[in-house]
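Colleague: Sequence:
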Amino acid sequence: DEIQKLQGERPKTFKLYEELLSTAGLEAVIIATPPHWHALQFIAAVEKGLDVYCEKPLAYDVREGRAMVDAARKSGVARI
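So the sequence shown is numbered by our numbering: it starts at 1032 and just counts up by one.
Keep in mind that the hints were calculated from the coordinates and are not lab data.
Keep in mind the model is a prediction, meaning the values are calculated, not measured.
Here a beta-carbon is modelled for each residue, glycine too, at the ideal position from N, C-alpha and C.
Worth double-checking, as some hints may not be accurate.
[Said to hold, decoys possible] Computed Cβ-Cβ distance ranges for the label pairs, DEER-style:
(1) Arg1094 to Gln1038: 34 to 42 Å
(2) Leu1037 to Val1100: 32 to 40 Å
(3) Pro1042 to Asp1092: 28 to 36 Å
(4) Glu1033 to Glu1086: 17 to 25 Å
(5) Glu1050 to Val1108: 18 to 26 Å
(6) Arg1041 to Ala1098: 30 to 38 Å
(7) Pro1065 to Val1100: 18 to 26 Å
(8) Asp1092 to Gln1035: 37 to 45 Å
(9) Phe1045 to Asp1082: 26 to 34 Å
(10) Gly1107 to Leu1051: 20 to 28 Å
[Unchecked claim] For lysine-lysine, the following DSS-like pairs were computed, each having C-alpha atoms within a straight-line distance of at most 30 Å:
(11) Lys1036 to Lys1105
(12) Lys1046 to Lys1087
(13) Lys1087 to Lys1043
(14) Lys1079 to Lys1046
(15) Lys1046 to Lys1036
(16) Lys1087 to Lys1105
(17) Lys1105 to Lys1079
(18) Lys1079 to Lys1043
Turn these sequences into a full structure, and let the hints guide you.
Modeller: This is the structure we're talking about:
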């Protein structure tokens, strides 16, 4: 309700992160989900060329972390 008062419209909500990532005009995302979801959401976001802020822990295990770093470097938008 407070956001609606400030912006004039209610914030959009999503049940699936894929729906969020298909939003027109999206430039960046903040990932604040449980750690076991971070890698999938991070990789999907950088593949779309988005900037990503991800809360700690970044990855659930080393293999996920490596896949995230590789995806970020491949995207060309990463500042790791």
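Colleague: Hint by hint, note whether the structure agrees.
Modeller: Consistency of the hints with the structure:
no.	hint	result
1	Arg1094 to Gln1038: 34 to 42 Å	holds (40 Å)
2	Leu1037 to Val1100: 32 to 40 Å	holds (37 Å)
3	Pro1042 to Asp1092: 28 to 36 Å	holds (33 Å)
4	Glu1033 to Glu1086: 17 to 25 Å	holds (23 Å)
5	Glu1050 to Val1108: 18 to 26 Å	holds (21 Å)
6	Arg1041 to Ala1098: 30 to 38 Å	holds (35 Å)
7	Pro1065 to Val1100: 18 to 26 Å	holds (20 Å)
8	Asp1092 to Gln1035: 37 to 45 Å	holds (40 Å)
9	Phe1045 to Asp1082: 26 to 34 Å	violated (18 Å)
10	Gly1107 to Leu1051: 20 to 28 Å	holds (22 Å)
11	Lys1036 to Lys1105	violated (41 Å)
12	Lys1046 to Lys1087	holds (22 Å)
13	Lys1087 to Lys1043	holds (25 Å)
14	Lys1079 to Lys1046	holds (19 Å)
15	Lys1046 to Lys1036	holds (24 Å)
16	Lys1087 to Lys1105	holds (22 Å)
17	Lys1105 to Lys1079	holds (11 Å)
18	Lys1079 to Lys1043	holds (20 Å)
In summary, the numbered hints that this structure violates are 9, 11.
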